[in-house]
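Under the working numbering, the first residue of the sequence shown is numbered 1, with each subsequent residue one higher.
If you're looking for bench data, these hints aren't it; they were derived computationally from the structure.
Remember, it's a predicted structure, so these values are computed and weren't measured experimentally.
Do not rely on the hints blindly, as some may be mistaken.
[To be verified] Pairwise CB distance ranges (calculated):
1. T148 - N244: 20 to 30 Å
2. S228 - L4: 53 to 63 Å
3. N225 - A14: 47 to 57 Å
4. T74 - L233: 33 to 43 Å
5. S79 - T192: 27 to 37 Å
6. G3 - T192: 44 to 54 Å
All C-beta atoms in this analysis are idealised placements derived from N, C-alpha and C, irrespective of residue type, glycine included.
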Amino acid sequence: CSGLTSVDLSLPVATDCSEMFGGCSGLTSVDLSLPVATDCSEMFGGCSGLTSVDLSLPVATDCSEMFGGCSGLTSVDLSLPVATDCSEMFGGCSGLTSVDLSLPVATDCSGMFVECSGLTSVDLSLPVATNCNAMLWGCSGLTSVDLTLPLAIDCSGMFGYCSGLTSVDLTLPVATNCNAMLWGCVSLTDVTLNLPQLNNYRDIFKDCSNLESININLPTSLVNNFKSYVQGLNLSNLTSLIINGEEVNV
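Taking the hints into account, I'd like the entire structure generated from these sequences.
Here it is as structure tokens:
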């Protein structure tokens with residue numbers, strides 16, 4: 001359907017809308033009412049010409065890869081009150097610059113904005129999200145982040161290769177896996193992290209070569225090993241390392 005340019009459609013009893021417009025590269029605008037659709041996975045996959053979306057999806061639960069590869073999409077204003085799977089929902093939406101999302105029950109947000117290189121800021125509350133693995137991986141234009149993730153457990157690779165990010169101040173009260181969380185954030189200078197349940201921090205600062213200040217709270221059982229880990233990174237610009245409120249020689 002590469003010749004399709006616009007859609008104005010009401011589907012009052014459709015439940016499975018997966019891949020509904022997959023590959024419609026000419027589609028530029030959509031006005032849809034899908035009152036009982038539950039599966040909207042890959043609904044607009046590969047719609048590279050899509051620039052705006054006006055959608056009502058009151059009972060959609062699976063929104064995985066819904067806008068995957070929609071590189072022309074610039075902004076999103078979307079309410080998904082019962083969506084639980086939002087994995088890779090905007091994967092590869094390189095033109096996306098701003099997001100206004102309400103996702104009150106989303107649990108899987110892994111890769112949600114992966115490779116959204118045009119995204120400059122994120123202000124997002126995900127009150128029940130547990131899987132945030134690679135959520136913002138490759139968002140090279142991202143300069144600021146305001147995230148509320150009270151139940152996130154897996155935050156591995158969450159900001160991987162966010163090369164424009166300069167500072168992070170984040171509390172993740174139940175996160176255990178932060179492996180490679182900030183891998184490749186080459187512009188990052190200041191980090192403040194509150195990770196009271198941290199278990200896996202392998203490669204958390206890998207290739208963060210310009211770090212100047214690290215202030216981190218973590219379980220006391222990890223303090224000595226974490227200190228050795230940071231010192232082993234040989235961060236030439238690092239002037240301040242604070243672990244659990246205590247200054248550590250660098």
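ask   = Is the hinted range of 47 to 57 Å satisfied by the C-beta distance from N225 to A14?
value = Hint holds: Cβ distance 53 Å, inside 47 to 57 Å.
ask   = Within 33 to 43 Å or not, the Cβ separation of T74 and L233?
value = holds, 38 Å
message = Tell me if the beta carbons of T148 and N244 are separated by a distance inside 20 to 30 Å.
response = holds, 23 Å
ask   = Quick one: are S79 and T192 within 27 to 37 Å, going by C-beta?
value = holds, 31 Å
query = How does the Cβ-Cβ distance of S228 and L4 compare with 53 to 63 Å: does it lie in that range?
reply = holds, 58 Å
query = Is the distance from the Cβ of G3 to the Cβ of T192 consistent with 44 to 54 Å?
reply = holds, 51 Å
Violated hints for the displayed structure: none, as all numbered hints are satisfied.
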